[in-house]
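Asks: Sequence:
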Amino acid sequence: MGSNLEKTKTDFSVLEPTKIALDYISASISKAFKKCLKPMPKINLVEWADTYRYLPDNSAEAGKWRTDRVKVAAEAMLSASDPDCQQVTVMACVQLAKTELINNLVGYYIHSEPSPIIVVMPKKEMAEGWSKERFSKMVSSTPVLKDLFSGNRRGDGNTILSKQFAGGQINVVSARNPTDLASRACRIVCCDEVDKYPQDAGNGEGDPIKIVWERSRTFGDRAKLIVCCSPTVEGISRIEAEYNLSDQRHFYQPCPHCGHAEELQWENVFMPRDEDGDYVPDKAAYVCPECDVLWDEKDRHKSINEGYWVAHNPKVKKHHGYQISAFASPFITVKGMAEKWAAAEGQPQSEKVFYNTILARTHREKGDQPNWKRLYENREDYPIASVPEGVLMITCGIDVQKDYLVYEVVGWGRGLRSWSIEKGIIEGKMEEYSTWEKLAEFMDRTYTSTGEIEMLIERCAIDSGYDTQNVYGFVRWFGSARMVAIKGEGESMKEMLGTPRPVDVTVNGERVARGVTLWKVGSAVIKEQVYRWLNLERPTDEELAGGDLFPVGFCRFPKYDEEFFKQLTAEQYISKTDNRGYVSYIWEKVRRDNHFLDCRVYARAASAMLQIDRFSDKDWINREKRIYPKIELDKPVEKPVREVSKAKKPKPKPKEEEAQVVVKRGRKRRKGNWIGRVKK
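Under our numbering, think of the first position of the sequence shown as 1, with each following residue one higher.
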């Protein structure tokens, strides 16, 4: 056994390093140490991607990244790493490296300029999908990134949606989670698929992009915001709104035959029809509007390689915006685009998809949306907050927002003709008592008729969809005789008004006398009626002088500003086809704010609660006598208006007390009890 130990000692002695080996090891360590101390040379995003980025094996073009394959994306990548540019907006067609721009940017700032990064997706599921399918695969296929994350383990502060690296951290969050959006300071903010973000992140916190961008303030001019998406509906698309704030760059492609350069337009695509009148997409080609020469695909690819960007709003310096259609993509042909259009033409929803995803344009479907400019031009000279002659009932609608209330006061007359009396905003939150006092003071306001009678708002409908409990609290405090809580319903409700439901009940479930009652309102039904009225033509002065009346339901307005009429017409009624091919119709916003449309809907609902649709001529005469005692009004002979909608009407409810101007009509009470009424 001793001899074995002796042999072991002899074997280990062979491993003793020589001077040459020690010198080599020392030189290697010194070289590695100096390499670590040497700063990485400053490069831009294009150089970084072309040098270090690899696409995973499941990509269409796996292997080393080549920016020249998507030349049109190169300038946006340069802007993303340009220290003089703070925001980059890319409004592009589908499958044109929008997401890869974000991937490259994330990889660049992790490796080249380690920084805290946040990536915002529309929903949590999409955030998890991006982290697993895009980010993790980019890291595993790109060696310089794989080395930086090789030591990361779950439980060390790393999860699917949060990963740490030397010098920073990347978090992937949902646009529907205001807490995650605002919880961390970040230098690099990447917002993808922004047109799928909600208008409000939740809890009344506001716009998701503004929330997350606010967290980058501590980084000053070093902070950077990247916003990407294909556009959607004109006037409401987030990406369109961001692009309009940028320097608005368009990609100009020169004609290979005459040199004329322009942004290629779908209107210049020639697509013949066959003898049956059907399109022939295989023969489609782009036509240069200058020399009338038809391009083939080689011509288009040449124009892409020689193309350049032109800023249409060059006064903006720190916000670079790029609009990129499929004409600048090497991955789709003009014939392929033509096939998509031939299949979509005549189908509003499919045409919208074509405009959004192929042409990178917003789209507006033709509908019954009133022309706000015509309404603005038809304004009248009667004073705001006055009662024009003919008004026999006043109602109000209030739309509740986070920090303010929006209202419109509407006067109603014979034939459901209406006059807007006043509109405005009451500042304050519904949770604050001072707001309640302001609202109560507003409700006590009177309006003087031309008959010198002071008129109150008879019924005010206040929306309880936001801050529900505080709205109930105010109605309970103020009293429900003139103020009612309502909840707007969508296309599923076919009546103007639903059966009121008691909110305040006893411990036994019985209704509390004079407690809060919630009215369901068929918003879609009323919007259809209001839009029909807004589209009515105003009689000419000659027709009015000849004794003609304004049409039934005609709406009249004082000298309001343009914004009021834009909001009043801020939605359109469009068709929508689901995945199974079923067509439905929905109300869709075409502008971001529609408060005054909602107010008009609620004011109309309030008038229906007062049974205006069932008024007889005698009811109108009684009101005229009370409101205009010294004036003999023209009393046109008209049938009672029963035009609520084409939908089935709810059963009429007994008339309630009509505040201030209507006589309370009680029913004769039967004498005795039920026993005394039994026939003998």
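If you are wondering where the hints come from, they were derived from the structure by calculation, not from laboratory data. Each hint should be verified, as a subset may be incorrect.
[Unchecked claim] Derived CB-CB ranges, DEER-like:
{"hint": "1", "residue 1": "Pro539", "residue 2": "Glu452", "range": "24 to 32 Å"}
{"hint": "2", "residue 1": "Glu133", "residue 2": "Asn535", "range": "47 to 55 Å"}
{"hint": "3", "residue 1": "Glu452", "residue 2": "Phe478", "range": "23 to 31 Å"}
{"hint": "4", "residue 1": "Thr448", "residue 2": "Asn535", "range": "29 to 37 Å"}
{"hint": "5", "residue 1": "Arg501", "residue 2": "Ala342", "range": "50 to 58 Å"}
{"hint": "6", "residue 1": "Ala185", "residue 2": "Glu125", "range": "50 to 58 Å"}
{"hint": "7", "residue 1": "Glu351", "residue 2": "Thr218", "range": "43 to 51 Å"}
{"hint": "8", "residue 1": "Thr218", "residue 2": "Pro383", "range": "25 to 33 Å"}
{"hint": "9", "residue 1": "Lys210", "residue 2": "Met443", "range": "31 to 39 Å"}
{"hint": "10", "residue 1": "Met443", "residue 2": "Glu133", "range": "53 to 61 Å"}
{"hint": "11", "residue 1": "His301", "residue 2": "Glu133", "range": "24 to 32 Å"}
{"hint": "12", "residue 1": "Lys210", "residue 2": "Gly546", "range": "52 to 60 Å"}
{"hint": "13", "residue 1": "Glu377", "residue 2": "His301", "range": "46 to 54 Å"}
Here a beta-carbon is modelled for each residue, glycine too, at the ideal position from N, C-alpha and C.
Asks: Hints first: check each against the structure and report whether it holds.
Replies: Hints and how they fare:
no.: 1; hint: Pro539 / Glu452: 24 to 32 Å; verdict: 29 Å, holds
no.: 2; hint: Glu133 / Asn535: 47 to 55 Å; verdict: 48 Å, holds
no.: 3; hint: Glu452 / Phe478: 23 to 31 Å; verdict: 28 Å, holds
no.: 4; hint: Thr448 / Asn535: 29 to 37 Å; verdict: 32 Å, holds
no.: 5; hint: Arg501 / Ala342: 50 to 58 Å; verdict: 51 Å, holds
no.: 6; hint: Ala185 / Glu125: 50 to 58 Å; verdict: 26 Å, violated
no.: 7; hint: Glu351 / Thr218: 43 to 51 Å; verdict: 45 Å, holds
no.: 8; hint: Thr218 / Pro383: 25 to 33 Å; verdict: 51 Å, violated
no.: 9; hint: Lys210 / Met443: 31 to 39 Å; verdict: 34 Å, holds
no.: 10; hint: Met443 / Glu133: 53 to 61 Å; verdict: 55 Å, holds
no.: 11; hint: His301 / Glu133: 24 to 32 Å; verdict: 30 Å, holds
no.: 12; hint: Lys210 / Gly546: 52 to 60 Å; verdict: 55 Å, holds
no.: 13; hint: Glu377 / His301: 46 to 54 Å; verdict: 49 Å, holds
Of the numbered hints listed earlier, those contradicted by the structure are 6 and 8.
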